[in-house]
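With chain A's structure known, arrange chain B on it following the hints.
2 protein chains.
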Amino acid sequence: MANSKDMKITPRAEDFSAWYQDVVLQGDMAEPAEVVKGCMVIKPNGYAVWELLQGELDRRFKATGHKNAYFPLFIPESFLRREAEHVEGFSPELAVVTVAGGKKLEEPYVVRPTSETIIGHFFSRWIKSYRDLPLLLNQWANVVRWELRTRMFLRTTEFLWQEGHTAHASQEEAHEEAVRILHLYADVAEDVMAMPVIRGVKSRAEKFAGADRSFAIEAMMQNGLALQAGTSHELGQNFGKAFNVQFQSKEGKLEYVWQTSWGVSTRLIGGLIMTHSDDKGLVLPPKLAPTKVVIVPIFRKEGEKATVLEEANKIAAALRAEAVSVEVDAREEHSPGAKFFYWEQLGVPVTIEIGPRDVAAGTAVVKRRDLGTKQPQKRDALVLCVRDVLNQMQSDLLEAGRKRMKENTVVANSIEDVAQVLSDATAEKGGGKFVMAHIKDDPACDARIKEFKASVRCIPLVDEYDGAGKCIVTGETVSHRSVIAKAY
Amino acid sequence: MANSKDMKITPRAEDFSAWYQDVVLQGDMAEPAEVVKGCMVIKPNGYAVWELLQGELDRRFKATGHKNAYFPLFIPESFLRREAEHVEGFSPELAVVTVAGGKKLEEPYVVRPTSETIIGHFFSRWIKSYRDLPLLLNQWANVVRWELRTRMFLRTTEFLWQEGHTAHASQEEAHEEAVRILHLYADVAEDVMAMPVIRGVKSRAEKFAGADRSFAIEAMMQNGLALQAGTSHELGQNFGKAFNVQFQSKEGKLEYVWQTSWGVSTRLIGGLIMTHSDDKGLVLPPKLAPTKVVIVPIFRKEGEKATVLEEANKIAAALRAEAVSVEVDAREEHSPGAKFFYWEQLGVPVTIEIGPRDVAAGTAVVKRRDLGTKQPQKRDALVLCVRDVLNQMQSDLLEAGRKRMKENTVVANSIEDVAQVLSDATAEKGGGKFVMAHIKDDPACDARIKEFKASVRCIPLVDEYDGAGKCIVTGETVSHRSVIAKAY
Numbered sequence: 003m004a005n006s007k008d009m010k011i012t013p014r015a016e017d018f019s020a021w022y023q024d025v026v027l028q029g030d031m032a033e034p035a036e037v038v039k040g041c042m043v044i045k046p047n048g049y050a051v052w053e054l055l056q057g058e059l060d061r062r063f064k065a066t067g068h069k070n071a072y073f074p075l076f077i078p079e080s081f082l083r084r085e086a087e088h089v090e091g092f093s094p095e096l097a098v099v100t101v102a103g104g105k106k107l108e109e110p111y112v113v114r115p116t117s118e119t120i121i122g123h124f125f126s127r128w129i130k131s132y133r134d135l136p137l138l139l140n141q142w143a144n145v146v147r148w149e150l151r152t153r154m155f156l157r158t159t160e161f162l163w164q165e166g167h168t169a170h171a172s173q174e175e176a177h178e179e180a181v182r183i184l185h186l187y188a189d190v191a192e193d194v195m196a197m198p199v200i201r202g203v204k205s206r207a208e209k210f211a212g213a214d215r216s217f218a219i220e221a222m223m224q225n226g227l228a229l230q231a232g233t234s235h236e237l238g239q240n241f242g243k244a245f246n247v248q249f250q251s252k253e254g255k256l257e258y259v260w261q262t263s264w265g266v267s268t269r270l271i272g273g274l275i276m277t278h279s280d281d282k283g284l285v286l287p288p289k290l291a292p293t294k295v296v297i298v299p300i301f302r303k304e305g306e307k308a309t310v311l312e313e314a315n316k317i318a319a320a321l322r323a324e325a326v327s328v329e330v331d332a333r334e335e336h337s338p339g340a341k342f343f344y345w346e347q348l349g350v351p352v353t354i355e356i357g358p359r360d361v362a363a364g365t366a367v368v369k370r371r372d373l374g375t376k377q378p379q380k381r382d383a384l385v386l387c388v389r390d391v392l393n394q395m396q397s398d399l400l401e402a403g404r405k406r407m408k409e410n411t412v413v414a415n416s417i418e419d420v421a422q423v424l425s426d427a428t429a430e431k432g433g434g435k436f437v438m439a440h441i442k443d444d445p446a447c448d449a450r451i452k453e454f455k456a457s458v459r460c461i462p463l464v465d466e467y468d469g470a471g472k473c474i475v476t477g478e479t480v481s482h483r484s485v486i487a488k489a490y
Numbered sequence: 003m004a005n006s007k008d009m010k011i012t013p014r015a016e017d018f019s020a021w022y023q024d025v026v027l028q029g030d031m032a033e034p035a036e037v038v039k040g041c042m043v044i045k046p047n048g049y050a051v052w053e054l055l056q057g058e059l060d061r062r063f064k065a066t067g068h069k070n071a072y073f074p075l076f077i078p079e080s081f082l083r084r085e086a087e088h089v090e091g092f093s094p095e096l097a098v099v100t101v102a103g104g105k106k107l108e109e110p111y112v113v114r115p116t117s118e119t120i121i122g123h124f125f126s127r128w129i130k131s132y133r134d135l136p137l138l139l140n141q142w143a144n145v146v147r148w149e150l151r152t153r154m155f156l157r158t159t160e161f162l163w164q165e166g167h168t169a170h171a172s173q174e175e176a177h178e179e180a181v182r183i184l185h186l187y188a189d190v191a192e193d194v195m196a197m198p199v200i201r202g203v204k205s206r207a208e209k210f211a212g213a214d215r216s217f218a219i220e221a222m223m224q225n226g227l228a229l230q231a232g233t234s235h236e237l238g239q240n241f242g243k244a245f246n247v248q249f250q251s252k253e254g255k256l257e258y259v260w261q262t263s264w265g266v267s268t269r270l271i272g273g274l275i276m277t278h279s280d281d282k283g284l285v286l287p288p289k290l291a292p293t294k295v296v297i298v299p300i301f302r303k304e305g306e307k308a309t310v311l312e313e314a315n316k317i318a319a320a321l322r323a324e325a326v327s328v329e330v331d332a333r334e335e336h337s338p339g340a341k342f343f344y345w346e347q348l349g350v351p352v353t354i355e356i357g358p359r360d361v362a363a364g365t366a367v368v369k370r371r372d373l374g375t376k377q378p379q380k381r382d383a384l385v386l387c388v389r390d391v392l393n394q395m396q397s398d399l400l401e402a403g404r405k406r407m408k409e410n411t412v413v414a415n416s417i418e419d420v421a422q423v424l425s426d427a428t429a430e431k432g433g434g435k436f437v438m439a440h441i442k443d444d445p446a447c448d449a450r451i452k453e454f455k456a457s458v459r460c461i462p463l464v465d466e467y468d469g470a471g472k473c474i475v476t477g478e479t480v481s482h483r484s485v486i487a488k489a490y
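Top to bottom, those sequences are chains A and B. Heads up, the working numbering is the position in the first sequence plus 2, with the first residue counted as 1. Heads up, the working numbering is the position in the second sequence plus 2, with the first residue counted as 1.
Chain A extracted, bound-state conformation (with noise of 0.2 Å):
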């Protein structure tokens, strides 16, 4: 077994962080590189659960006209200098290749934090015409980005993402393509990883660098603590100007194109993790878990083993037929207890356990992951049950988490309420707020609520709230309410 049977998973109430922690290694997804600073190892479980996302939105990216190309790692380091802001914000981040065969480079290359300005110079070579356009571009790749705190998954120097790159005629169609991909970001997380978002625009303060405007989905994590999953960003016409991406319009002017940018990354798992596993460990979405079902044997003589194997391996080969990923846990130097606590750990959404009564009497016990009850179930029902298992069992994960967030979302009217709010809510140990509270997109509001160590998570698209309303800070009339929270 890949997991350590002698750790314990500390509890969330006790100390969320070292509970992540404990939940990643436990549930064999990730580990620490440590000899590289602030990488990790993904794993083959955790990579299982990344494929399967990669799926999911690479489907929607084709279905929505978008092509998959490949960039450089090294991007020269001139590059980045041509975006005043998008150097400014990156610069620090960034990891340097200074020799390369043996030898000094003339000009050193940096690692790729994020590629709007390689992509940028391709871009001025193949654009000519409005007839190149829309470009709709995406690239999955590894990006680096030096950071001091890392965090498996959430934060790490290397990751994994997909990053996409459009191009357009028109300011209005940019914009339209940047709120087609939120909303595409937003149904991924929601209903594949079952993890509620709002859909809202960054505050100016908080945008891209070398952004018009950003658009993010943020989610609440368990302890009430903000995640941003996923952003995408109307990039105007600064990196067409800053690497000259000019085209010919309809009418014959000579014209910069308009565009977009927009990406998620191994983050997502992190987010997938804070949001549905417990104190038992990992709890996987049934859409994004790569062994759907394990089935336990349970036998105690030789005599029985036969019969209820070939029981299990049947049960196997129904739920196979129908396309459920299933797994018949046989390994003789475990008992079956020390199984189950594994396939918990592990978080896969059913398991099913048969012994030598049930196949005399025709069924089986199912057992879901996240409520942890048992049904015994006939036999000849059992494929239905476990799809329905399945379906349910989807459907619960994201209804649990839209009940929290409503449940931790509170309102505030003044700055005062804010830093009330927040300060009560010591994040660690669960009791994060997201506070609704009016104010105005102004750098110097948002460096107000920095002083409560957290931020303006967004502006939401959707107004569920009461409207129009005066700035906590400025006292000004905003058109409604921003999310403020504490965030990763």
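Simulated from the structure, these hints should not be mistaken for laboratory data. Remember, it's a predicted structure, so these values are computed and weren't measured experimentally. Wrong hints could be hidden among the right ones.
Claimed, not checked - Here are the computed lysine to aspartate or glutamate pairs in the EDC-like style, where the Cα-Cα straight-line distance is at most 16 Å:
| no. | chain 1 | residue 1 | chain 2 | residue 2 |
| --- | --- | --- | --- | --- |
| 1 | A | K64 | B | E53 |
| 2 | B | K69 | A | E53 |
| 3 | B | K106 | A | E149 |
| 4 | A | K69 | B | E329 |
| 5 | A | K64 | B | E329 |
| 6 | B | K252 | A | E335 |
| 7 | A | K252 | B | E335 |
| 8 | B | K64 | A | E329 |
| 9 | A | K106 | B | E149 |
| 10 | B | K69 | A | E329 |
| 11 | B | K106 | A | E324 |
| 12 | A | K105 | B | E95 |
| 13 | B | K307 | B | D331 |
| 14 | B | K105 | A | E149 |
| 15 | A | K105 | B | D331 |
| 16 | B | K64 | A | E53 |
| 17 | A | K130 | A | E257 |
| 18 | A | K106 | B | E95 |
| 19 | B | K105 | A | E95 |
| 20 | A | K69 | B | E53 |
What the hints assert, rightly or not - Listing some non-contacts, in silico: residues in chain A with all C-beta distances to chain B over 10 Å:
| no. | residue |
| --- | --- |
| 21 | T309 |
| 22 | A362 |
| 23 | K455 |
Note that CB positions come from ideal geometry on N, CA and C, so glycine has one too.
Using the frame of chain A, we list chain B on its own:
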């Protein structure tokens, strides 16, 4: 249209290298990055072929029990020095990160040229007992090797690949694994890429730096040059000892693991192109064609347009229902002739031409890319016909490759004969040969061959010639003939 209408493809007979570059560019597969030395951009058409190849490989890796994982891009420089042959082989090619987060690093990181060392480190943490073996991992990743002379797909400083890394309890098991993967690679090369290969062992002089023995598949390009298309290495206990990867055996003894590593890369796409393409442009075997069929509707008068387009869309729907990827090229700014020319350069296996007369007669014209043959077909047999043409084309391409390899392989019985054949072979204009000769597996013998700007490509696993004979260099008896050729 992404490729250039004005650019002509250099004929193979005139300049094979220029032809290759033209086909890559006009097929819109990739382009040199230029601003990043020796790198390329893989464009959507090229990346889509890579995705299909990845899918075929990944499915086979998983079916043979391998799991995907992800290890850090950066490797501490000291790790490479732990295996003497390994560091000697790779150190001239390393890209080194010396600055990160604005500071000089205490120990530089190299950008992985391959991951045996960093994975060896983690194997030593994960493997304790024979129960942890075999450990069968694979990684899809980018790697960097600072090459002086680069060529798109065939040799670029950064490239995409998969690298398998496995650990076993015995030398025998590791040997079986290395050979299993060799055959897996050969199966993908022949069955999917329609590229015939020779399965063999590399000579000691040509083996992987740090391996006990390397296996390879060698393909013959249209100019008679050899291309090493995939390698599988028996690493012995070399990395096990360097990284202290020990396990307790069933008998309770502490032993070093036996490892393998193996990889194929985007180089395969270069091989694919140089195996099948022609003076008109790219030829893709149907199994690796992202778009298998393009339908070109032909109409002159506005009145014909609706009828022809409707029929074209119906044919497309019928093909899609049979899971055949298809596009209707209804663009009005291009003539049918320009469209045929365009899709020809892009290597689409089948084009279907349909005009008003075809609609009236219930027919359509099916054109096959590699032969250029046109068949008028009855509309109701069209889907079946297209499937047949695709299947036939796939197997014909493999057969054509086999025939070419056979015709361009000669037997030589003295070093003078080898020299003669190799000097007659003006590879850039075609005419390269595989020379089958008896030669001892001794670096001194390899060195003699290098004098002719050629190399011992492999010692075939299966002898298809005359068994044992005298080494053309030393006169000693060797078991069977090796393949000698000029190579990429």
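Hint check results:
1. K64(A) / E53(B): holds, 13 Å
2. K69(B) / E53(A): holds, 11 Å
3. K106(B) / E149(A): holds, 15 Å
4. K69(A) / E329(B): holds, 15 Å
5. K64(A) / E329(B): holds, 15 Å
6. K252(B) / E335(A): Holds. K252(B) to E335(A) sits at ~14 Å (cutoff 16 Å).
7. K252(A) / E335(B): holds, 13 Å
8. K64(B) / E329(A): holds, 15 Å
9. K106(A) / E149(B): Satisfied, since the Cα-Cα distance of roughly 15 Å is no more than 16 Å.
10. K69(B) / E329(A): Holds, at roughly 15 Å.
11. K106(B) / E324(A): Roughly 56 Å between the alpha carbons, so the hint for K106(B) and E324(A) is violated.
12. K105(A) / E95(B): Holds, at roughly 10 Å.
13. K307(B) / D331(B): holds, 13 Å
14. K105(B) / E149(A): Cα-Cα ~12 Å, so holds.
15. K105(A) / D331(B): violated, 50 Å
16. K64(B) / E53(A): holds, 13 Å
17. K130(A) / E257(A): holds, 10 Å
18. K106(A) / E95(B): Between K106(A) and E95(B) the Cα gap is close to 13 Å, so the pair holds against 16 Å.
19. K105(B) / E95(A): Measuring from Cα to Cα gives roughly 10 Å; hence the hint holds.
20. K69(A) / E53(B): Within the cut-off at roughly 11 Å; holds.
21. T309: holds, 27 Å
22. A362: For A362(A), whose nearest Cβ neighbour in chain B is about 33 Å away, the distance exceeds 10 Å, so it holds.
23. K455: holds, 23 Å
In this structure, the hints that do not hold are numbers 11, 15, in rising order.
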